[in-house]
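Visitor: The lines below spell out each chain.
There are 2 protein chains.
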Amino acid sequence: MTKQSLHAISPTREENYPEWYLQVVKAAELADNAPVRGCMVIRPWGYAIWELMKNGLDKMIKDTGHVNACFPLLIPLSFLEKEAEHVEGFAKECAVVTHHRLESSGDGKGTLVPAGKLEEPYVIRPTSETIIGHSYAKWIQSWRDLPILINQWANVMRWEMRPRLFLRTSEFFWQEGHTAHETEKEAIEETLKMLDVYEEFTRDWLALPVVTGRKTPDERFPGAVETWCIEAMMQDGKALQAGTSHFLGQNFAKASDITFLDREGETQHAWTTSWGVTTRLIGGLIMTHSDDDGLVLPPRVAPEQIVILPIGRNEEDRQRVLEACQQLKSSLQEQQFMGEKLRVAIDARELRGGEKFWYHVKRGVPLRIEIGPRDLEQGLVCLGRRDRPSREKVTMSHAELMTSASVMLKEIQTGLLSRALAFRQQHTRKIDSVEEFREFFSSTAEGSSVQGGFALCHWNEAAIDHPLLKELKVSPRCIPVAGQLPEAEDGEGRCFLTGKPSLQRIVFAKSY
Amino acid sequence: MTKQSLHAISPTREENYPEWYLQVVKAAELADNAPVRGCMVIRPWGYAIWELMKNGLDKMIKDTGHVNACFPLLIPLSFLEKEAEHVEGFAKECAVVTHHRLESSGDGKGTLVPAGKLEEPYVIRPTSETIIGHSYAKWIQSWRDLPILINQWANVMRWEMRPRLFLRTSEFFWQEGHTAHETEKEAIEETLKMLDVYEEFTRDWLALPVVTGRKTPDERFPGAVETWCIEAMMQDGKALQAGTSHFLGQNFAKASDITFLDREGETQHAWTTSWGVTTRLIGGLIMTHSDDDGLVLPPRVAPEQIVILPIGRNEEDRQRVLEACQQLKSSLQEQQFMGEKLRVAIDARELRGGEKFWYHVKRGVPLRIEIGPRDLEQGLVCLGRRDRPSREKVTMSHAELMTSASVMLKEIQTGLLSRALAFRQQHTRKIDSVEEFREFFSSTAEGSSVQGGFALCHWNEAAIDHPLLKELKVSPRCIPVAGQLPEAEDGEGRCFLTGKPSLQRIVFAKSY
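Here the protein sequences come in this chain order: P and E.
The opening position of the first sequence corresponds to residue 53 in this note's numbering, with each subsequent residue numbered one higher.
The opening position of the second sequence corresponds to residue 53 in this note's numbering, with each subsequent residue numbered one higher.
Don't take each hint at face value.
No distinction is drawn between identical chains; accordingly, a pair holds when it is met within one copy or between any pair of copies.
In the BS3-like style, the derived pairs of lysine-lysine whose C-alpha atoms are separated by at most 25 Å in a straight line are [claimed, not checked]:
#, residue 1, residue 2
1, K111, K393
2, K114, K393
3, K525, K114
4, K106, K306
5, K445, K462
6, K134, K169
7, K408, K114
8, K161, K306
9, K144, K306
10, K144, K161
11, K306, K111
12, K562, K169
13, K237, K161
14, K114, K161
15, K169, K144
16, K190, K78
17, K408, K144
18, K106, K161
19, K552, K169
20, K161, K111
Calculated directly from the structure, the hints in this document are not laboratory data.
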């Protein structure tokens with residue numbers, strides 16, 4: 053037996069992490085590359101995961117007082133030009149609509165050419181601050197109209213030269229919250245409130261431990277006063293920015309002329325925020341939990357939490373087994389996990405047992421139950437957990453299964469979080485010298501694909517363009533919020549690159 | 053008192069139906085015109101209605117065996133060219149992306165111009181048959197891979213020269229189902245199954261009575277073999293095409309090369325269908341149920357089914373009343389309507405009573421409950437129903453309210469459907485002569501804005517281009533499915549325009 057055949061995914065993480073990632077996506081049928089530069093097709097299994105994520109987060113966004121709405125896909129060029137930093141940040145990646153119809157080229161082959169040139173081109177939204185600002189300027193007259201707390205679920209487009217499924221795609225899907233407030237204080241509170249929502253959502257739904265923090269100036273959203281973010285560590289030690297929340301000050305209110313009469317009757321510019329998470333989270337999910345047998349899903353976002361695989365050699369067996377499976381499914385569906393009925397499927401396709409088994413392993417289904425004719429006679433089922441080695445199975449009675457199914461799901465949900473957290477802690481280190489920093493990000497431990505991790509270093513803004521960072525392809529990920537990384541909190545110090553004063557340690561990492 | 057002040061919406065339906073529609077949309081804060089040609093901003097109240105519709109229909113689509121997925125927004129021009137009729141049908145309304153970045157024009161004013169010209173332009177999807185076909189061609193190898201039953205919720209764009217909010221907008225929102233089958237029979241069954249789903253959804257959720265039928269050849273989807281549709285009658289007698297389901301034969305399978313090995317090992321082209329409903333349904337909802345006081349919502353799609361309005365003149369009163377309102381709200385939320393907990397809101401804003409009252413009337417909230425200090429002492433509430441005259445109120449005890457709230461919601465839901473059905477029947481007539489046809493579509497009854505309605509006429513395809521239809525702006529809406537309009541079923545006859553043989557009466561109407 054060759055080494056490769058021990059795993060359902062080839063190459064393994066250790067052999068080639070980036071290629072392993074693509075093979076996991078493919079094997080789980082999550083997404084395909086589209087015949088459109090940098091875009092993806094999200095396949096049903098991938099989309100079902102996204103729907104569960106959307107529903108979970110949407111409820112949290114609504115529970116914190118926000119409502120959904122929907123703004124146009126296209127943005128007039130002149131809108132984008134209004135905020136100088138903003139347009140600078142996005143101009144290089146905008147898809148531009150210049151015509152509004154097609155006509156025959158006259159080549160006799162039915163070839164079409166763009167026609168009906170637009171007076172003013174549009175860009176497909178890369179983000180919606182400017183187009184939403186236009187509405188807010190109309191809707192807001194007085195302080196009584198504030199705050200406005202709106203979110204939208206939308207597709208956006210940023211032309212991507214080095215696309216990777218979920219992580220970087222030209223078209224991607226997200227929610228973008230846009231709020232307007234009477235005071236600076238209230239807008240900052242909103243920015244931080246949504247950062248907390250993201251932290252809670254990624255932790256409790258996706259089992260992703262994240263560090264919340266502030267971005268250094270070079271990593272801010274174009275046009276923001278402050279950008280906060282959540283940063284997760286992937287299994288190769290790289291950081292993934294998993295969500296951002298921006299305090300925009302009055303910059304966009306000034307650009308879009310969002311003014312209001314305050315309580316004293318004076319005209320003021322509103323204070324705005326924006327915040328978003330994207331389909332990139334699916335990439336983060338994959339790279340945090342999956343293993344060399346494929347996708348591993350936290351039960352809360354598993355479209356099927358339990359799959360039942362009937363096994364039978366002849367028609368009569370199959371029929372009896374299938375009936376038992378259906379009964380089992382009905383009973384399991386009455387059980388609850390996290391306040392919702394269990395999601396249970398039966399796979400009754402006529403495939404070879406091994407093929408079917410591995411199909412669900414690769415798709416990350418948390419619990420697999422096999423039932424054959426002999427199990428049936430003995431009232432037993434054969435159970436496999438996706439958080440344990442794939443070939444490990446335990447036998448239990450139907451009654452045991454009923455009482456333990458949602459307990460096991462809970463164990464898997466919390467177990468994945470603990471494992472990811474332990475991994476992060478293991479690859480996080482305080483670093484105070486250039487030598488150690490270089491060593492940390494250059495060497496790979498024996499039998500591991502991990503290069504580096506989170507380096508916690510004292511730092512000063514003067515070091516932003518330091519050549520060592522470019523050389524190692526490492527960047528400041530965030531200035532952690534107090535209490536997030538206790539191990540980083542040791543007071544003031546000196547920047548390890550410049551020797552200048554530093555208020556606190558910040559997180560450095562390679563990143564996606 | 054002037055006549056206008058009797059109604060919350062001006063003009064009334066009778067005075068100016070198209071303008072009344074726009075004023076209802078505005079007064080209910082459903083949508084705004086966007087600063088992008090023909091596009092709209094769907095405001096929170098309008099979007100909440102759409103979310104309820106989406107959730108309801110999505111469940112029905114899933115319950116019939118379909119799964120959701122997501123395909124790219126952009127379509128390469130060459131894909132569109134593959135199906136001749138299809139491209140012919142959409143070329144005149146395509147938004148075309150020709151560049152992938154912006155650069156400074158060099159005018160020193162920060163003006164931007166498109167740059168990075170694409171080798172092959174893309175269009176923003178007007179519909180997704182061709183781009184989805186590309187994936188299906190890859191995914192389908194054998195008959196074992198069939199059927200494929202996929203739906204997507206998406207935004208699409210068809211450049212619109214005469215836009216109207218919800219009814220015709222350049223960007224609109226819809227679900228588009230795309231399925232591929234082994235046999236012609238199965239594909240036709242799928243097409244009709246989804247037509248039934250649409251009929252059921254519009255009837256049971258939106259209280260819209262629709263006629264299901266087949267389109268005449270001139271009204272078919274470009275590239276379809278047969279188009280089925282659901283047609284609703286608005287309060288001005290015009291028809292609204294509220295959804296379509298297309299049997300595409302093998303046309304698109306041939307264009308996209310979707311082939312499979314059949315059970316005999318022969319290569320065959322798959323049989324495909326597509327079907328969709330759009331945000332246009334919100335327009336249909338408004339024009340079917342609303343009145344001269346504004347929007348009227350069927351409770352199933354009302355974001356708030358009950359609004360409680362506390363009334364109090366001084367601070368002490370207000371506090372006591374508000375507490376009672378909160379208790380009432382909690383109790384009502386324990387009640388159920390159509391299997392879901394009641395959606396109840398309290399509007400505690402400090403507005404004048406009349407202003408607040410009309411605000412909720414215009415937004416179409418089914419039940420309004422007012423509570424003042426005196427009601428509180430007597431244990432009473434003052435209740436208004438949106439399906440009754442706005443000033444009509446009844447007084448009842450809290451206990452009565454608890455037992456009758458969901459009963460009343462049910463009455464409103466079914467009452468709206470009955471009323472719409474009666475209206476349609478009243479404005480549907482069998483017509484056998486050109487004179488009567490002309491009279492039906494030219495005159496307006498006294499005190500009514502209704503011109504025409506549904507004319508049930510014998511008809512032959514040879515009459516498609518008849519000048520009378522163009523003159524009266526009337527078109528064949530559909531060939532009703534058997535049993536849909538019993539009043540139309542009187543066997544064979546002669547086309548009222550050409551005298552040629554006719555198999556059955558079909559529906560003619562002016563349309564949106």
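Visitor: Which hints, by number, does the structure contradict?
Guide: Result: hints 3, 4, 11, 12, 13, 14, 17, 18, 19 and 20 break, sorted rising.
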